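2 protein chains.
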Amino acid sequence: MSCTISLDAMGGAGAPEVVIEGAEIALRSYPDVRFLLFGDESKLRPLVARFPVLSRRATLQHTDEVVRDDEKPSVALRKCKGSSMRLAINAVKENQAQAVVSSGNTGALMAMSKIVLRTLPGINRPAIASLIPTIRGESLLLDMGANVECDAQDLFRFAVMGDAFIRAVLGKHQPTIGILNVGSEDMKGHEEVRAAARLLRETGLPLDFHGFVEGDDIGKGTVDVVVTDGFTGNVALKTAEGIAHMMTYHLKDSLKRSLASKLGYLLVKPALNHFKRKLDPRQHNGAMFLGLDGIAVKSHGSTDAVGFANAIGVAVELVTYDINRRITEEIRQSHAILEETVMAGERA
Amino acid sequence: MSCTISLDAMGGAGAPEVVIEGAEIALRSYPDVRFLLFGDESKLRPLVARFPVLSRRATLQHTDEVVRDDEKPSVALRKCKGSSMRLAINAVKENQAQAVVSSGNTGALMAMSKIVLRTLPGINRPAIASLIPTIRGESLLLDMGANVECDAQDLFRFAVMGDAFIRAVLGKHQPTIGILNVGSEDMKGHEEVRAAARLLRETGLPLDFHGFVEGDDIGKGTVDVVVTDGFTGNVALKTAEGIAHMMTYHLKDSLKRSLASKLGYLLVKPALNHFKRKLDPRQHNGAMFLGLDGIAVKSHGSTDAVGFANAIGVAVELVTYDINRRITEEIRQSHAILEETVMAGERA
Chain H
1 MSCTISLDAM GGAGAPEVVI EGAEIALRSY PDVRFLLFGD ESKLRPLVAR FPVLSRRATL
61 QHTDEVVRDD EKPSVALRKC KGSSMRLAIN AVKENQAQAV VSSGNTGALM AMSKIVLRTL
121 PGINRPAIAS LIPTIRGESL LLDMGANVEC DAQDLFRFAV MGDAFIRAVL GKHQPTIGIL
181 NVGSEDMKGH EEVRAAARLL RETGLPLDFH GFVEGDDIGK GTVDVVVTDG FTGNVALKTA
241 EGIAHMMTYH LKDSLKRSLA SKLGYLLVKP ALNHFKRKLD PRQHNGAMFL GLDGIAVKSH
301 GSTDAVGFAN AIGVAVELVT YDINRRITEE IRQSHAILEE TVMAGERA
Chain Z
1 MSCTISLDAM GGAGAPEVVI EGAEIALRSY PDVRFLLFGD ESKLRPLVAR FPVLSRRATL
61 QHTDEVVRDD EKPSVALRKC KGSSMRLAIN AVKENQAQAV VSSGNTGALM AMSKIVLRTL
121 PGINRPAIAS LIPTIRGESL LLDMGANVEC DAQDLFRFAV MGDAFIRAVL GKHQPTIGIL
181 NVGSEDMKGH EEVRAAARLL RETGLPLDFH GFVEGDDIGK GTVDVVVTDG FTGNVALKTA
241 EGIAHMMTYH LKDSLKRSLA SKLGYLLVKP ALNHFKRKLD PRQHNGAMFL GLDGIAVKSH
301 GSTDAVGFAN AIGVAVELVT YDINRRITEE IRQSHAILEE TVMAGERA
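As you go down the protein sequences, you meet chains H and Z in turn. Quick note on numbering: the working numbering labels position 62 of the first sequence as 62, and the sequence is numbered without any gaps. Quick note on numbering: the working numbering labels position 332 of the second sequence as 332, and the sequence is numbered without any gaps.
Source of the hints: derived by calculation from the structure; they are not laboratory data. No experiment lies behind these values; they were computed from the predicted model shown. Wrong hints could be hidden among the right ones.
You can't tell identical chains apart in this list, so a pair holds if it fits in one copy or across any two.
[To be verified] For lysine-lysine, the following DSS-like pairs were computed, each having C-alpha atoms within a straight-line distance of at most 30 Å:
1) K256 x K172
2) K72 x K93
3) K256 x K269
4) K252 x K269
5) K72 x K188
6) K269 x K79
7) K93 x K79
Could you build all of it, start to finish, from the sequences and the hints given here?
In structure tokens, the structure reads:
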């Protein structure tokens, strides 16, 4: 796939080194991609020069303005119009690039992307979607925190968008979809999740709706797409991260307790490394802002070059799949059906 | 502490064996406790006879009625008035016992406990509170699912009740309290969590309010009491369980991959067992229905005798601490202060 990705070269803890090296790594899997790099030219030029492949496929655009990590989104929006983040987003708006990737300030990236790219027709609220590891592989969780309160129609649209993401990035033909709830029975939970489930059952779109899932279904990988509001999704993702960290901590601590276990540790180390790779957050890096009229991928702020390359890969797959055209089409189809459902409800 | 605990001897997957053996194990730590056992006498009598210590400290009360695990709470409430669960709860209401422990149907236990025991003065909504392991030890999470929607005053009361629980069961002098949110800054989250935080800051009760915490703070053990609504709490707890299960699965799978790692596994096995014990859900068994006028402890339905003994231990500690008298007193004090806050808000 020949496409151009614009990179906020100054965003994230390891920028610009991580961004430049990540772009070079991504070219091994996607040799036809071109990059627009936004950032401080005096820093970027010598870095890019170290990678002959990247040098031929990257264009630098200088700016010395950067969005700080602690900048409030509203302030960043007003004051950082010349920042590397803003210019990288503008490049998508102006069709110079097909997607933007940034490891910078999440709130600012969301606010700027919303203002510059706007939402897709029929979408009011973009959602942050992120892949997380499961027993069976990986699943997509959305919304991860863009919207603390969501109604049934929002949740329905998240399902449609998540379905398209899984088809695009994991290549699954018929992803299964679940709504996160406190039980699997129809009467469980609050009105918004119950109404969203009814919409998904009744729309007639070719979606494989599994029904309600519970928190433990995330790790089990029961469904490919886990739909929830941004409050619950943010808490669930961060809880998962915290528990994974706690378990690794206790595991390491336990392995240090005796001479035998220290010896044994040397023997099991390759196995533990395999275990670590399975759960490596870098392999699941690249959260997408779904629902915007333009592809914007958020890379984790503290990822390394391998993780950043993965986020670029997510962006390329989304461009290749033409995800936004497909989401727009499904939302358009479901709009008609949603209205019918609402009207039928009113007649009843 | 000399007290009497009533046991639903027929509740849970391993009943009645797990209940009887659990009671025997609990007597090793709490030799002065007495038990009222409700259930099928023909099954219970020979089981109890195997434990001479328990035989001297247990009284059997026969019933052949049982609440099934798939029974709807509303049906159980109407139809199971002679069940082992209902009679065990009644015993607390009638002052024959100071607490009830059951591994049976959670919804039915909550519904029956609410109807029979009623709530404490000043409490509208009881909450389910559960200890979970962290890096620093264990923390209490509430509400775990009794109330899918909670307002600021509910969250405030959960904080007061959770504080009392930690003092009672873990013996901490000044537990720290956090409200679960999507960020730590004051303006984050929805109105209910922000208003609850204001209440906790302004009430003047001797509570150590830390502020907002995020999902990953659960595993870190940042605070002793994590306050949230029942929807988010249920999802967070089950997400944590699912991720812990997934990690154990991947760890075992990785350790089976080579001869060296299988050999090494023999050497690290004691360390891994130590790791397993650290996270053993049996050690954290015993969720309490906080806010009821009577102590009701829910044991996990699939726990074993050691886990059930732990749930009995939680019940005994709560009785010893006289938790409900203390909660009532703090809620009474905070009622005055809450009203002042509300009135001050209206004047402003």
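Mind listing which of the numbered hints don't hold for this structure, in increasing order?
6
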